[in-house]
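*Asks:* Spelled out from the first residue to the last, the chains are:
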Amino acid sequence: MEVPILKQGQYLIASIQSALTDADLSQLREALIAQVGRYRARGVIVDVTALDVMDSFAVRTLRDVTHMARLRGSETVIVGIQPEVAFAMVQLGLTLKGVATALDLEEGLAFLNQQARARVDHAR
Amino acid sequence: MPADERRLAVASTMPADERRLAVATDKDVVSARQLGRELAAGFGFSPGDQTVIAAAISEIARNILMYARRGEVVLRVTHDGPRSGIVVVARDEGPGIPDVTRALTDGYSTSGGLGLGLPGARRLMDEFEIVTDVGHGTTVTMSKLKRPQR
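Residue numbers (this note's numbering), protein chains in the order written: chain C, 1 to 124; chain E, 1001 to 1150.
Among these hints, one or two may not hold up.
Said to hold, decoys possible - Within a straight-line C-alpha distance of at most 20 Å, the following computed SDA-like cross-link-like pairs (lysine to any residue) qualify: (1) E:K1027 to C:K97; (2) C:K7 to E:G1112; (3) C:K97 to E:G1112.
What the hints assert, rightly or not - Covered stretches of chain C, as calculated for chain E (at least 3 residues, CB under 8 Å): (4) 21 to 31; (5) 95 to 109.
Calculated from the structure, these hints are not laboratory results.
The structure displayed is predicted, hence computed values, not measured ones.
Don't be surprised by glycine CBs; every beta carbon is placed ideally from N, CA and C.
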């Protein structure tokens, strides 16, 4: 199942709608990295609210997205990790270290805006 | 007893809520964990435990795919007083695991993964057992008890 990617201003928003296979996740990674360049996106939000499970493959793929997008000049934030999903992730030993997370879409957008402002301030 | 009757007798003592799923593609991994969640929900596990069980199944089923390419997952709920719960058996006829101790160590992987599949699944479940025979296959049996005795 393909994940729809919306362009919202300078940001890309990937909104996962259902459980994803490993192939779906890899496809999402490729699509996001390609679109960061195509749309000159400064930020990426991956909304995982509807994801049933975040296992080691999902975490590895999202971590790769974050690092690859960063190398292309774009910040990524993962939003919508549900409490029971977070619990299982911690038990599994999956920490998403080095990856920004936010409670929901609204907080994710706020985070990216803040990052953008920090970039401007830094440039001054 | 004729063979047919014997088969029948065995079948009738099989738990009604046992489900068997072949694992040969990444879609099967999703199906296995969803079925596990469904069974766990039907058995009255909390949403938290349902997710824990689904995550453990996801890791173990993916290991089948990655290392053995095919195998099966058997899910069973057992009604046995304080030992009631869900049992997951993941079986393959793949290469086996030469060093089980290392395979159960966080961060050790021979496939380029995070190396958290087996040790993570073990942490998620209440009981965990691996039987492996190099060259012949691996069977992981793990269970989550409804009311773990702590």
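*Asks:* Can you give the numbers of the hints that this structure goes against, from lowest to highest?
*Replies:* 1, 2, 5
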